[in-house]
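All chains, please: the whole structure from these sequences, using the hints.
2 protein chains.
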Amino acid sequence: MGSHMVEMMRPLQPDDFLTQTHEVLDFIADYYRNIENYPVLSQVKPGYLRKSIPDSAPYSSETIEAILHDISNDIIPGLTHWQSPNFFAYYQANASTPGFLGEMLCTGFNVVGFSWITSPAATELESIVMDWMGKMLKLPSAFLFSGNEGGGGVLHGSTCEAAVCTMAAARDRALKKIGWDNISKLVVYASDQTHSTFRKVAKIIGIKPSNFRPLPTSAATGFALSPDVVHMAMKDDVALGLVPMYLCATVGTTGCGAVDPIEGLGLVANEYGVWLHVDAAYAGSACICPEFRHYLDGVELVDSFSLNPHKWLLTNMDCCCLWVKSPSSLQDSLSCNAEYLSNNASETKAVIDYKDWQIALSRRFRAIKLWVVIRRFGVAGLREHLQSDIMMAEHFEGLVGADPRFEVVVPRRFSLVCFRLKPKVEGANGNELNKKLLEAINSTGRAFLVHTLIGDKYVLRFAIGGTLTELGHINATWKLIQEKAHLVEAL
Amino acid sequence: MGSHMVEMMRPLQPDDFLTQTHEVLDFIADYYRNIENYPVLSQVKPGYLRKSIPDSAPYSSETIEAILHDISNDIIPGLTHWQSPNFFAYYQANASTPGFLGEMLCTGFNVVGFSWITSPAATELESIVMDWMGKMLKLPSAFLFSGNEGGGGVLHGSTCEAAVCTMAAARDRALKKIGWDNISKLVVYASDQTHSTFRKVAKIIGIKPSNFRPLPTSAATGFALSPDVVHMAMKDDVALGLVPMYLCATVGTTGCGAVDPIEGLGLVANEYGVWLHVDAAYAGSACICPEFRHYLDGVELVDSFSLNPHKWLLTNMDCCCLWVKSPSSLQDSLSCNAEYLSNNASETKAVIDYKDWQIALSRRFRAIKLWVVIRRFGVAGLREHLQSDIMMAEHFEGLVGADPRFEVVVPRRFSLVCFRLKPKVEGANGNELNKKLLEAINSTGRAFLVHTLIGDKYVLRFAIGGTLTELGHINATWKLIQEKAHLVEAL
Chain D
1 MGSHMVEMMR PLQPDDFLTQ THEVLDFIAD YYRNIENYPV LSQVKPGYLR KSIPDSAPYS
61 SETIEAILHD ISNDIIPGLT HWQSPNFFAY YQANASTPGF LGEMLCTGFN VVGFSWITSP
121 AATELESIVM DWMGKMLKLP SAFLFSGNEG GGGVLHGSTC EAAVCTMAAA RDRALKKIGW
181 DNISKLVVYA SDQTHSTFRK VAKIIGIKPS NFRPLPTSAA TGFALSPDVV HMAMKDDVAL
241 GLVPMYLCAT VGTTGCGAVD PIEGLGLVAN EYGVWLHVDA AYAGSACICP EFRHYLDGVE
301 LVDSFSLNPH KWLLTNMDCC CLWVKSPSSL QDSLSCNAEY LSNNASETKA VIDYKDWQIA
361 LSRRFRAIKL WVVIRRFGVA GLREHLQSDI MMAEHFEGLV GADPRFEVVV PRRFSLVCFR
421 LKPKVEGANG NELNKKLLEA INSTGRAFLV HTLIGDKYVL RFAIGGTLTE LGHINATWKL
481 IQEKAHLVEA L
Chain W
1 MGSHMVEMMR PLQPDDFLTQ THEVLDFIAD YYRNIENYPV LSQVKPGYLR KSIPDSAPYS
61 SETIEAILHD ISNDIIPGLT HWQSPNFFAY YQANASTPGF LGEMLCTGFN VVGFSWITSP
121 AATELESIVM DWMGKMLKLP SAFLFSGNEG GGGVLHGSTC EAAVCTMAAA RDRALKKIGW
181 DNISKLVVYA SDQTHSTFRK VAKIIGIKPS NFRPLPTSAA TGFALSPDVV HMAMKDDVAL
241 GLVPMYLCAT VGTTGCGAVD PIEGLGLVAN EYGVWLHVDA AYAGSACICP EFRHYLDGVE
301 LVDSFSLNPH KWLLTNMDCC CLWVKSPSSL QDSLSCNAEY LSNNASETKA VIDYKDWQIA
361 LSRRFRAIKL WVVIRRFGVA GLREHLQSDI MMAEHFEGLV GADPRFEVVV PRRFSLVCFR
421 LKPKVEGANG NELNKKLLEA INSTGRAFLV HTLIGDKYVL RFAIGGTLTE LGHINATWKL
481 IQEKAHLVEA L
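These protein sequence lines are chains D and W, in that order.
First residue of the first sequence: 1, per the working numbering; consecutive thereafter.
First residue of the second sequence: 1, per the working numbering; consecutive thereafter.
Calculated from the structure, these hints are not laboratory results.
With a straight-line cut-off of 25 Å between C-alpha atoms, the simulated DSS-like cross-links for lysine-lysine are:
hint: 1; chain 1: D; residue 1: LYS435; chain 2: D; residue 2: LYS422
hint: 2; chain 1: D; residue 1: LYS45; chain 2: W; residue 2: LYS349
hint: 3; chain 1: D; residue 1: LYS51; chain 2: W; residue 2: LYS138
hint: 4; chain 1: W; residue 1: LYS457; chain 2: W; residue 2: LYS479
hint: 5; chain 1: D; residue 1: LYS349; chain 2: W; residue 2: LYS51
hint: 6; chain 1: W; residue 1: LYS349; chain 2: D; residue 2: LYS51
hint: 7; chain 1: D; residue 1: LYS457; chain 2: D; residue 2: LYS422
hint: 8; chain 1: W; residue 1: LYS51; chain 2: D; residue 2: LYS138
hint: 9; chain 1: D; residue 1: LYS435; chain 2: D; residue 2: LYS479
hint: 10; chain 1: D; residue 1: LYS424; chain 2: D; residue 2: LYS436
hint: 11; chain 1: D; residue 1: LYS349; chain 2: W; residue 2: LYS435
hint: 12; chain 1: D; residue 1: LYS436; chain 2: W; residue 2: LYS349
hint: 13; chain 1: D; residue 1: LYS479; chain 2: D; residue 2: LYS424
hint: 14; chain 1: D; residue 1: LYS479; chain 2: D; residue 2: LYS436
hint: 15; chain 1: W; residue 1: LYS177; chain 2: W; residue 2: LYS235
hint: 16; chain 1: D; residue 1: LYS479; chain 2: D; residue 2: LYS457
hint: 17; chain 1: W; residue 1: LYS457; chain 2: W; residue 2: LYS436
hint: 18; chain 1: D; residue 1: LYS135; chain 2: W; residue 2: LYS51
hint: 19; chain 1: D; residue 1: LYS177; chain 2: D; residue 2: LYS235
hint: 20; chain 1: W; residue 1: LYS479; chain 2: W; residue 2: LYS436
hint: 21; chain 1: W; residue 1: LYS435; chain 2: W; residue 2: LYS424
hint: 22; chain 1: D; residue 1: LYS349; chain 2: W; residue 2: LYS436
hint: 23; chain 1: D; residue 1: LYS424; chain 2: D; residue 2: LYS457
hint: 24; chain 1: W; residue 1: LYS349; chain 2: W; residue 2: LYS176
hint: 25; chain 1: W; residue 1: LYS349; chain 2: D; residue 2: LYS435
hint: 26; chain 1: D; residue 1: LYS435; chain 2: D; residue 2: LYS45
hint: 27; chain 1: W; residue 1: LYS45; chain 2: W; residue 2: LYS435
hint: 28; chain 1: D; residue 1: LYS51; chain 2: W; residue 2: LYS135
hint: 29; chain 1: D; residue 1: LYS435; chain 2: D; residue 2: LYS457
hint: 30; chain 1: W; residue 1: LYS45; chain 2: D; residue 2: LYS349
Structure, rendered in structure tokens:
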């Protein structure tokens, strides 16, 4: 123990740092080598970990070897392996070596860039990289710093954070006109396919829960939100003395990958003076490919736009890009000042203090990660990765279509295929059957999918995008699904 | 380029992963070796980086060597070096090798543990580590999962996030009684020393800005918030028909390290049915040392308590511990449900889904970092580190006290010393003098401090806690301060 204590009193000594990090890196590389051998969905039972881990912290230092031993024995069996090539659940969180390198640099420097002065490079690189991403997406110049029209981008940790910030800004813009005492009149619009996080966010920022409108969609529009439906809802609310404030449109909904028509929704939002946010958390990345850019048509009409490179752009968690046309609206709502934060650079107003663009004061140097990812892959490499995933999804869609027992339930747009076993019994809805199928697949540990409801149909979601996923994994999983379908149909 | 593209199509290949990570680790180790050679406060001018970085993303893959070259040439000069042993600004963000190892494991696994099922180990380790930390702080059992009284802890990214979640929970608890239409009647209380983030959070969650009460403190109470002052304010508000809702007490304020009397404030809060949160972001860590635990006396009366291991507990950014007595209040406000998130484990209610304890849906495996830090250092090692910092602060306080030109402005409690040059001219307040002194120190690049106002006095804050800071750095910086004092006094 004595020698550990000595070591511990120099907790950033460079030689120790190298020895210890190399040991952990070998462990992580082995994890990737073996990842296909683990059940994708963890098979442990609730409470399993308290049986193996002491209930109090150790008094003395423990070795890395002891810690890695416990991770192998106790932690890994309790992981659901998001980096497994057979992970097809939710939307992926695809890691990469460049993402890891960027995270190491962020963690190594460990600067806190809340104000420009606290690390000018962190702020300036973030602005530059947000412009890079904006140009990759062909966003209008109103969203780029280089456009000099007042707009720009910021890195958040999650869509939810981007939603809190933009919705608070929209709220305060509206309250400037009607006064804070009328906050209960504000209304937020979304579709029944919008991520549930937006309902949560509306409540967080003080919108009366009954003033959140999840407007209906249907198969007729491919589960996209119709501008007419929004128009009618806003008109009705105004007639009731309520005040439309914020509309969320989605490019690639979580449930089934639907795409709301941005241009049509933009016209309605502008008519009512409503803040329009586009949530492209998953599918926005695909829009860096020319053949998918059309899904963003009309984006010049929106107030803010977000997407998450930590989903599909090979950037390890966390990383959410948010662009706004009017950062001053964010700053009006989110500024945070104190004497100990004041400095000459901020007073000149010639610099960005990103603390006023986000919820928290403190912030990690996230830009360096996205910068390393973009440079290591290049735009060409990123496109290739996205296109390869989408080709695999097309392939899977073909497999499903070729088996008459199955059906693809909504047209595939990106790398998500929503499918199900057709009910064999006349009049049955097939939901119980598909639930059994899903459980049969997931309990093997050989693949992990989740379900959703589309209309009243219980549907299996097959989301492709894992970094390690190759065509062989798709084919093997399809074979597994067919086998299990055979079994549950026979029950 | 051809070979890069091939490499890029296997972006998590283990051998490549090892080669590339080793290269970056060598770079980071060199950074630590050379860190004292860089100016602590970056000396670049606004806009410096756009001159060296292309304004669009590269089309093709670039090498690691090219990226590291640019980091050396363009990024490092733009960093303010938070890990420099001569960084004494704000409060530190102290990195360590164990913190780095934990972050690598988090990034390597890259699991998204929003629900138990999405990685049971991530959820269960978090609960266990929060109990470890709670016991290290001798928190009452009402805050521990093992206490079986319904309470427990969660890891957030920042105090601000903890504040949003607890304040939203408090708001909804109050609105259950008075109805959402009365949201404009809710009042939030803090002191004029409370972190400015709480004012921002109150606004974020929809509290009318004029209903935020930054109550006055003074030198008489060491800038602590007096329970009598709070009592009077609440009484006045109730008389006006307003509804007291949330009170923030601080252990170790950012400005001067003041400690609010938790017990006295708890009694007032309980009398008015107000949610009491204790923000111990910086100084809470010190309370794992028996000699400082008394600052938490009365914590059994509070609703929630937070501290940031990413400040002073050798845990790299980000890591904020939040304990709540009534997690069900958080869940009432923050639950987020959707069909694709439903699963058998969640339905049994036998598991924790941390998505309902925080703002975002997605979440990193932060617990593994804190777990590695605690195990590598042991409680003994962590205490030793804290005590060593506090001893260095005592030493610095002694140096200031021994020079008659200077004064310590508020009594030191932890590792922050607030001091200033006494004005020589009769009737002068000395503020301009100390501002000049601060600028003279920081412009050398040999140390970085920030100022604050205490009452109407411009004061220099000397915050000790950098991982690499040793007594020699304190002495050298004091010598620098004395030299610069001599110069500015002669102006």
